[in-house]
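Chain residues, written in single-letter form:
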Amino acid sequence: MFLGRIEGIVWASIKDERLRAVRLCILQPVDEYDNPWGEVQVAVDRLGLVDGDLVFWVDSTEAGFVDESRGLPSEISIVGLVDQVDLAEAGGVGEADREG
Amino acid sequence: MELARVEGVVVATAKVDRLHGQKLLVIDLLRADLTPAGTQIVAVDTVGAGVGEVVLAVRGSSARQTDKTAHLPTDTTIVAIVDEVVYRGRCVYRKRDPEKESDVSGQD
Numbered sequence: 000m001f002l003g004r005i006e007g008i009v010w011a012s013i014k015d016e017r018l019r020a021v022r023l024c025i026l027q028p029v030d031e032y033d034n035p036w037g038e039v040q041v042a043v044d045r046l047g048l049v050d051g052d053l054v055f056w057v058d059s060t061e062a063g064f065v066d067e068s069r070g071l072p073s074e075i076s077i078v079g080l081v082d083q084v085d086l087a088e089a090g091g092v093g094e095a096d097r098e099g
Numbered sequence: 000m001e002l003a004r005v006e007g008v009v010v011a012t013a014k015v016d017r018l019h020g021q022k023l024l025v026i027d028l029l030r031a032d033l034t035p036a037g038t039q040i041v042a043v044d045t046v047g048a049g050v051g052e053v054v055l056a057v058r059g060s061s062a063r064q065t066d067k068t069a070h071l072p073t074d075t076t077i078v079a080i081v082d083e084v085v086y087r088g089r090c091v092y093r094k095r096d097p098e099k100e101s102d103v104s105g106q107d
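Protein sequence lines, in the order shown, are assigned to chains D and V. Numbering-wise (numbering that gives the first Met the number 0), the first sequence opens with residue 0 and increments by one. Numbering-wise (numbering that gives the first Met the number 0), the second sequence opens with residue 0 and increments by one.
Check before you lean on any hint, since a few could be wrong.
To be verified - Just some of the chain V residues that point at chain D, by a computed CB distance under 8 Å:
hint, residue
1, Met-0
2, Arg-4
3, Ile-40
4, Val-41
5, Leu-55
6, Arg-58
7, Ala-62
8, Thr-65
9, Thr-76
10, Ala-79
11, Glu-83
12, Tyr-86
Said to hold, decoys possible - Result set (SDA-like, lysine to any residue): computed pairs, CA atoms no more than 25 Å apart in a straight line:
hint, chain 1, residue 1, chain 2, residue 2
13, V, Lys-67, D, Glu-16
14, V, Lys-22, V, Ala-69
15, V, Lys-94, D, Ala-20
None of these hints come from the bench; they were simulated from the model. Note that the Cβ used here is the ideal one computed from N, Cα and C, for glycine as well.
Chain D with its partners taken away, still in its complex shape (with noise of 0.2 Å):
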């Protein structure tokens, strides 16, 4: 699994059966300081996620698995709403931007 932050969305009334009512956010991979790495990404959200929230999200066909139904067409999802990174070192993403 790895660290990323919500920067959009992508609205598609056109789609599989199995993506019907799923929501699908674009996701950009970061590391644990918040830096971000390779391509961005569009990746399943179960969560209701908005702009800014750091995730946690899993790849490859793992990503398919993210509920009881049938697996999903994503090599992308996310599984998690990050509340806080501790780490050794002082410098890490700290407490995500959602207020309680």
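Assemble chain V onto chain D, guided by the hints.
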């Protein structure tokens, strides 16, 4: 999933049995700001996408996680036709509405 623009259609008469009846499209992968990423691939289309449309493509083994592609020899499947992309608080893409366009042409 990756954003992509449909660039063209692939026609192939001789192909493996499992690909018979499948629509194959050439797609150009896009970055989140809709600029071309420089990679073109052939994808199986399950949603009826047309040339010029922005779509979502799934790659790798996940490309077979739809009812229509479950047993196909494909590593890239088009699974959605994109209506709108909002990136960093800005709408970077909105699909053109053909009905509104026909209204405009009707005024000529």
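Now the hints, each set against the structure:
no., hint, result
1, Met-0, "holds, 4 Å"
2, Arg-4, "violated, 14 Å"
3, Ile-40, "violated, 14 Å"
4, Val-41, "violated, 17 Å"
5, Leu-55, "holds, 6 Å"
6, Arg-58, "holds, 6 Å"
7, Ala-62, "holds, 7 Å"
8, Thr-65, "holds, 5 Å"
9, Thr-76, "holds, 6 Å"
10, Ala-79, "holds, 4 Å"
11, Glu-83, "holds, 4 Å"
12, Tyr-86, "holds, 4 Å"
13, Lys-67/V to Glu-16/D, "holds, 10 Å"
14, Lys-22/V to Ala-69/V, "holds, 15 Å"
15, Lys-94/V to Ala-20/D, "holds, 19 Å"
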